[in-house]
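Undergrad: Sequence:
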Amino acid sequence: MQDFINMATKQLGISEGAAKQGTGALLGMVQQQLGGGDFSKLTSMLPGAQQLMSGGSTATGADASAGGGMAGALDGLLGGNKGGSSGGSGGGLSALASAASGLFGKDAGGLGQIAGLVSQLSSAGIDADKAGGFVKLFMDYIDGKGGGDMVTKLLGNADLKKLIG
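Sequential numbering from 184 applies to the sequence shown in this note's numbering.
None of these hints come from the bench; they were simulated from the model. The structure presented is a predicted model; accordingly, all values stated were derived computationally and were not measured. Cβ atoms here follow ideal geometry from the backbone N, Cα and C, with glycine treated the same way. A couple of the hints might just be wrong.
[Claimed, not checked] Label pairs and their computed distance ranges (CB to CB):
#: 1; residue 1: Asp312; residue 2: Gly219; range: 25 to 35 Å
#: 2; residue 1: Gly220; residue 2: Gly200; range: 11 to 21 Å
#: 3; residue 1: Gly218; residue 2: Gly196; range: 18 to 28 Å
[Claimed, not checked] Straight-line alpha carbon distances no greater than 25 Å define the calculated DSS-like cross-link-like pairs of lysine-lysine that follow:
#: 4; residue 1: Lys313; residue 2: Lys345
#: 5; residue 1: Lys224; residue 2: Lys344
#: 6; residue 1: Lys328; residue 2: Lys344
#: 7; residue 1: Lys319; residue 2: Lys345
#: 8; residue 1: Lys336; residue 2: Lys224
#: 9; residue 1: Lys193; residue 2: Lys319
#: 10; residue 1: Lys224; residue 2: Lys328
All chains should be modelled from the sequences, with the hints used to inform the complete structure.
TA: In structure tokens, the structure reads:
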């Protein structure tokens, strides 16, 4: 996996720490999408993936690894968990995130997973404008390692397709 980390830092201009945390978060989402058997097959193709998941799942940010549902994901996307003042707009953003959570529910399926992933990537230091490129790079990496069938399954998620363009 270090070769992917190096590729991501070089091509996207992100730090190694951000790439590692982002990869851990992405692997967590992939595990949810694929299920046990396919995910075990995938991690056998990607030496170091399990270590990145254990280290990458503790992304900085309030609820990034706690599965805060849609509200946590939107709050992270909108800057509600940055730890500083954002000119007093944080409360309104939190209210918006809570309202969205009420509309979509805690387990909003693919949309909730994608929003949660983008929130985790953002918390790791991968801006929203680079998130799609990061995910696409990862999918290409999996494909190159012989996991094309898994990439096809993952891209069956329309929201994930939209994220990578």
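Undergrad: Enumerate the violated hints, using their earlier numbering and listing them in ascending order.
TA: Hint check: 2, 3 fail, others pass.
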